[in-house]
Amino acid sequence: MKFEVAQLHGAYMLREMAVSAIRTSKLSKDYGAGRGLFDLDLDVIPQEVFGYLGPNGAGKTTTIRLLMGMIKPSAGGAYVFGLDCNRDYVEVKRRVGYLPGDMPQFGSLRGKEVVAYLGGMRGGVDPKSVHGIAERFDLDLNRRFREYSSGNKRKLGILLAFMHKPDLLILDEPTNGLDPLNQQEFYELLREARDGGASVFLSSHVLSEVEHVCDTVGILRDGKLVRVARLDDLRAAGETSLEEIFLSYYSDTDREQKALPE
Amino acid sequence: MTAIRFGLRLGRWGPLGFSFLTFASSLIQAVGFYQIAGHTAASRAAFAQSMSQLAAQLTFILPPPAGLSTVGGYVEWRAFGGLAILFGVWALVSGSGATRGDEERGLVEAVLASGVTRSRWLASRVIGYAAMALIAALAGGLGLVAGVAVGGESINLGPVVEICVALAALGLSCYSLTVLIAQVVGARVATAAAGVVLLALFLVNRLSQTFTWLAAWRWISPFHYYELNQPLAPGGAFDARATLTMLGIATVGAAVAAVAFEWRDLGAPLVRWPSRRSPAGYEASRSPLWRIPVVRGLYERRAGLATWAVALAALAVLFVYLTKTVLQPLLSIPTLSQFFGAHAGGQLFTTFLGYIWLTFAQLLFAAFAITQVARWSAEDSDGRLEVILSTPRSRASVVVERAVALTLGALLVATASGLAVGLAAHNQAVDINRERLAEGTLLLVPFALVFAAAGAVLAAWNPRAAVGLLGGLAFASYLLDELGPLFKWPTWVQDLSAFKLFGTPLSSGVDRGGLAIMIVIILVGFGASILLMERRDVGA
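So the protein lines, in turn, are chains A and B.
Following this note's numbering, the numbering of the first sequence begins with 1 at its first residue and continues without gaps.
Following this note's numbering, the numbering of the second sequence begins with 1 at its first residue and continues without gaps.
Bear in mind the hints are in silico, worked out from the structure with no lab data behind them.
Cβ atoms here follow ideal geometry from the backbone N, Cα and C, with glycine treated the same way.
Each hint should be verified, as a subset may be incorrect.
[Stated by the list, open to error] Chain A stretches covered by chain B per the calculated footprint, using a threshold of three residues with CB under 8 Å from any CB of chain B:
#1 107-119
#2 136-142
#3 231-237
[Unchecked claim] Stretch-level coverage of chain B by chain A, calculated; a stretch enters the list once three of its residues show a Cβ under 8 Å from a Cβ in chain A:
#4 286-292
#5 389-403
[To be verified] Subject to a maximum C-alpha distance of 20 Å in a straight line, what follows is the list of computed DMTMM-like cross-link-like pairs (lysine to aspartate or glutamate):
#6 K153(A) x E135(A)
#7 K165(A) x E283(B)
#8 K224(A) x D30(A)
#9 K128(A) x E283(B)
#10 K128(A) x D138(A)
#11 K72(A) x D537(B)
#12 K165(A) x E48(A)
#13 K153(A) x D102(A)
#14 K72(A) x E534(B)
#15 K128(A) x E188(A)
#16 K153(A) x D537(B)
#17 K153(A) x D195(A)
#18 K224(A) x E243(A)
#19 K128(A) x E192(A)
#20 K26(A) x E185(A)
#21 K128(A) x E185(A)
#22 K165(A) x D195(A)
#23 K165(A) x D126(A)
#24 K72(A) x D88(A)
#25 K153(A) x E534(B)
#26 K26(A) x D41(A)
#27 K153(A) x E379(B)
#28 K26(A) x D126(A)
#29 K224(A) x E91(A)
#30 K153(A) x E283(B)
#31 K128(A) x D102(A)
#32 K153(A) x D382(B)
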C-alpha cells in the first residue's frame with residue numbers, strides 16, 4: 001500500500017515536473033495601431049528565474065496582466081502549471097505571488113492592516129513568513145500606507161507577493177525604488193524562493209540585475225518576442241554582454257531617437 | 001494665465017455637468033410653471049396659493065418664496081433655491097479635490113516644482129472655479145429664458161443675470177471656505193470637515209426661519225446673503241451689498257488659505273497634533289475581522305460608516321423637532337386642523353414626518369450609494385482591484401461581497417436613523433406609528449441598493465465615468481418623481497424613478513409592488529455587473 005502511494009506520488013511529481021510553470025501559445029493582445037502583444041510563445045520551466053526584457057511600451061506589463069487573467073487575450077492562450085489563465089484564474093492565483101508595476105493606494109490603512117486584509121482574502125498565510133520578510137527589509141508595518149516612501153511601498157508589495165510562499169512569482173519591475181542594500185536583500189530572497197522550488201517571472205529594465213539573478217532571458221520588441229536564451233549558454237558560447245545583445249535588437253535609428261531629446 | 005488654464009483643464013467636466021443640471025433645472029421649472037399655473041391671473045393665483053403651502057413644509061431646505069404667481073418668482077424659489085445647495089456641494093467636492101486631492105496625487109508638487117508660487121497656484125484654482133461657477137450659473141439663467149420663451153412670454157435679462165451672479169458668488173464663497181478648511185486639517189478629513197462647516201452654515205440660515213434664536217447667527221452664513229437676492233420676484237431686487245459680502249468672504253477665505261498654504265508643509269495640515277512614536281512592528285494585524293468576508297470590508301470603512309450613521313441619526317432627531325415645530329402652529333388653525341385630520345387619518349405626525357424626513361433621507365441614501373460606487377471606481381482606477389484579484393478570488397465574489405457589504409452598511413445607517421427618530425419622537429411625547437416607521441426606515445436599504453446596483457453596472461462597464469453617470473441618473477430619477485405627477489406622465493414612466501418606487505411608507509404603508517420592482521432592479525443590476533466584470537479587462 002505504501003509502495004502504491006509512493007508510486008502515485010512519484011507519478012504526480014513527474015507530471016508536475018513535466019508541466020511548464022508558464023506556457024503561452026500564440027498569445028496576443030491587440031490594442032490597435034500596432035500596439036499590444038503578438039503571437040507570444042513562451043515556456044518557463046519550473047524553478048527557473050526568467051527575466052523579461054524590453055523598452056517601455058514593448059508589452060511586458062501586458063504579458064504579465066494576461067498571465068494574471070486581468071486582461072483577456074485577443075488570441076492564443078496562457079497557462080500556469082497547466083491551468084488556463086483565463087478560465088481557471090482563481091486556481092492560478094492560489095499558486096502565484098504577484099507584484100504589480102505600480103503599487104495601489106491603500107490610503108490611511110496601516111501596513112499591518114494591508115497585509116491582514118489581503119492575507120485574509122488569500123488565506124493560509126504564515127505569520128512567521130510575514131514577520132521574517134518585514135524584518136529583513138526593515139519594513140515597519142505599524143505605519144500608515146500614506147506615510148510610506150516609494151521604496152517602502154515597494155517593500156510592502158514584495159512582502160505581499162512572497163508571504164504565502166507561492167510556486168510562481170510574477171514580478172513587474174520589482175526593484176523600482178529600492179535602495180542598493182534592499183536590492184541585494186531582494187536578490188537573496190529571490191534565490192531562496194527558487195531554491196525552495198519556486199519559479200520566477202520578472203520584468204526589468206535593469207540589464208545588470210537580470211544578468212545577476214536570472215537563468216533565462218527573453219527580449220521583447222514592439223510586442224514580439226525576438227530572443228530567448230539561457231544566460232549560461234550565452235556565457236559558454238562566449239557571446240557579448242547581455243547589454244550588447246539587448247541593444248542589437250534595436251536599430252541605430254531607434255537608439256538615436258531614444259537618445260535625442262524631444 | 002497658464003496656471004488658470006491648467007486649473008480649468010483639470011476641472012473641465014464640472015462646469016459641463018453643472019451647466020447641464022442648472023439649465024435643465026430652471027428650464028423644467030419654467031416650463032412646468034406654464035403647464036400647471038396656466039396663463040390666467042386666477043389660475044396663477046390658485047397655483048401660488050397651493051405652492052405657498054408646499055413652501056411652508058420645505059422651509060428646512062428652500063428659502064421663503066416671493067411672487068409665486070409669476071414665472072420669475074416661482075423659478076427663483078424652486079430652481080435657484082435648490083441650486084444653492086447644488087453649488088454648495090459642487091464647491092465642497094471641487095475645493096477639497098483641488099486642494100488636498102491634487103496634493104495627494106502629487107500634482108501640486110509637480111506644479112510647484114515648475115516654479116509657480118503656492119499663492120499663485122491657489123489663486124489660479126480659485127479664479128478657475130469662479131469662471132466655472134459663473135458659466136454654470138449663467139446656464140441656469142439661459143434655461144429660465146428658454147423656458148419662458150417656450151411659455152410664449154419674455155423676461156427681462158437684467159434680473160436673470162443678477163441671480164446668476166449671486167449664485168456664482170455663493171458657490172465661490174463656499175469654495176474659498178472649503179479651500180481654507182482644507183489647509184488647516186489633514187487630507188483624510190478635509191472634505192468631511194469642510195462639509196460639516198458648510199452644512200452648519202446652511203442649517204444656521206435655513207433653520208433660523210423656524211428656530212428664532214438662530215436668527216442672530218444668520219450673518220455668518222453665505223447662504224443668508226444669497227437669499228437676500230430676489231431679483232426675479234416682483235418687488236424683489238438684486239442686493240449688491242449682499243453679493244459683495246459673498247465675494248468678500250471668498251476673497252478673505254482665499255487670502256487666508258494662501259497664507260496657510262505658505263506656512264504649512266506640502267502634504268501636511270497647518271495644525272498638526274504631535275503623534276505618539278510607536279516602535280517598529282513586523283507583524284500583520286491579528287484582528288480576526290480581516291479574515292471574514294464582508295466584515296473586512298465594513299471594518300475597513302468603519303470610520304466612514306460611523307460618520308454616516310451618527311450624521312443621519314443627528315439629522316433625524318433635528319427633523320423630528322422641526323416637524324413638531326412646523327406642525328404645531330398649523331394645527332392651531334381650526335380649518336387646517338380639520339383638513340389635516342381628514343387627510344392624515346389620525347396619523348398626522350407620522351404622515352408629516354414621512355414627508356419631511358423620509359424625502360430628505362432618500363436623497364441622503366442615494367448619496368450614500370453614490371459614495372460607495374465612487375469607492376468601487378477608485379479601487380479600479382488606483383490599482384487596488386488588481387491587487388485584490390491577484391488573490392484566489394473570482395470577480396463574481398468581489399461584486400457579491402461589495403453588494404452584501406453595502407447592504408449591511410445601509411442597514412446600519414438606516415437603523416441608526418430609525419432609532420433616532422423613534423427616541424426623539426418618544427422624548428417629544430408625540431404619537432408615531434412605530435411599525436410603519438420601522439418599515440419605512442428599512443425600505444431605505446433597497447432604495448439605496450437600487451442606485452448601488454445601477455452603479456455596479458456602470459462601475460463594471462466604465463469605472464471612470466461611473467460616478468458622474470450615476471449622479472446624473474439619480475438626478476433624473478428625482479426629477480421624474482417631481483415632474484411625473486405634474487405633467488401627468490404615464491404610470492410606467494413614473495415607475496422608472498426609484499423615488500416613486502419608494503412611495504410614502506409612513507402615511508400609506510410599504511408599496512409591495514414598488515418594493516418588488518426595486519428587488520428585481522437590484523438583482524438584475526448586480527447580476528449584469530457580474531457578467532460585465534467577468535468579461536472586462538482590469539487595470540488596462
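Of the hints stated earlier, which fail here? 3, 16, 17, 20, 25, 28, 29, 31
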